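Those protein sequence lines, which keep their order, are chains S and R.
The first sequence runs 1 to 201 under this note's numbering.
The second sequence runs 1001 to 1201 under this note's numbering.
Treat the hints as calculated values from the structure; they're not laboratory data.
Since the model is a prediction, treat every value here as computed from it, not as a measurement.
Beta carbons are placed, not taken as given, at the ideal position from N, Cα and C, and that holds for glycine.
Do not take every clue at face value.
[Said to hold, decoys possible] Incomplete in silico selection of chain S near chain R, CB under 8 Å: (1) R81; (2) R113; (3) T134; (4) A136.
There are 2 protein chains.
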Amino acid sequence: MDIVCLDLEGVLIPEIWVALADRTGIAELRATTRDEPDYDKLMAFRLDVLKKNALGYREVDEAAKSIDPLPGAADFMAALRAQYQVIILSDTFYELAAPVMVKLNHPTLFCHRLDVGQSGEIDGYTLRMTDHKTKAVHALQALNFRVFAAGDSFNDTGMLGAANAGFFFMAPDNVIADFPDFPPVRGYDDLLAAFADAAKA
Amino acid sequence: MDIVCLDLEGVLIPEIWVALADRTGIAELRATTRDEPDYDKLMAFRLDVLKKNALGYREVDEAAKSIDPLPGAADFMAALRAQYQVIILSDTFYELAAPVMVKLNHPTLFCHRLDVGQSGEIDGYTLRMTDHKTKAVHALQALNFRVFAAGDSFNDTGMLGAANAGFFFMAPDNVIADFPDFPPVRGYDDLLAAFADAAKA
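Put together the whole structure using the sequences plus the hints.
Structure (structure tokens):
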């Protein structure tokens, strides 16, 4: 009995903070871990930028509503869910992902939470746990599931390594080069075929 | 961060074997654990009845396709998934539940598997694990989720007891009487309200 675990941003939807930067016109929100490798500092910076621009939960939600799944992602998810159980493992926040999850037909999502105050101000964030993707794969395997996984970035490699079969999907060349054990896959049809091959093993 | 775990049969859909008995006209398939308390013996009997009547996977799947969610269940699931992550924990089999899961919009389902041979004959079944509902709740809690649960029967009481809040939904009076700790709820709106109260705690 098989479960597919998928990363969200870069696999099914665009990078959310980049999309929010585009929607709000605030270029500083485009900062990524390449600009600030310390995630806590990066998030403090992002939340500070939101506050400076008087963007609370309502404004961020409004911007998030205009994020669409990547081309083909919704059809891919429909095909995938006809064959496998699927759980999305992401390091984003429920509040940012909620609108686009509706467009993907509400797959189960494990991620983190923003701390939203009474008047809608975003006060901080709560990581559900560190390295939760790897731990979720192990938990599912302990429940006697085989797990196939796909992601596009460094924060997916724990999940890919723990899975019974793990694939890079649309990953940058430097990420692929650093982890030669994970076969790189570039299109949704090829990813479905990769999972089908893994399921036959 | 909250996950709702729901039993399937009796909560979102009718009892599958009873529905298969109705669809195929084979009354013997209506047998339940009340007739044969030993689950292995009951399943051996059911699979023997299928074989005697030359019903393989294709015929069972055809009958299963006519099973509909209980009235209001699809709307309830839509409302639930707008507010919580949801995982269905059931002791049915993927092969029997698959068609009605499509009608419920593909929620994630943890259950068991029928052993289907090359020519579609149903040779046996594979339980993913014993008491998997309780173990799934514990696994989700270890991933730092709060878990709210609802079910209608004795095989749900481990899940309800493990959950941060557990409710009987449309349970028979004798089940409710045996487990007075689990508040009984009778309609989908009341179940949504019960989860909302639990989430406030």
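Hint check:
Satisfaction of the interface hint for R81 (chain S) is found here, the shortest Cβ-Cβ separation to chain R being roughly 4 Å, below the 8 Å cut-off. With 8 Å as the threshold, the beta carbon of R113 (chain S) comes within range of chain R, its nearest partner Cβ sitting at about 6 Å, so the hint holds. A cut of 8 Å between beta carbons decides the hint on T134 (chain S): the least distance to chain R is about 11 Å, and the hint is violated. Satisfaction of the interface hint for A136 (chain S) is found here, the shortest Cβ-Cβ separation to chain R being roughly 6 Å, below the 8 Å cut-off.
Comparing the model with each numbered hint stated earlier shows that hint 3 is the single one that does not hold.
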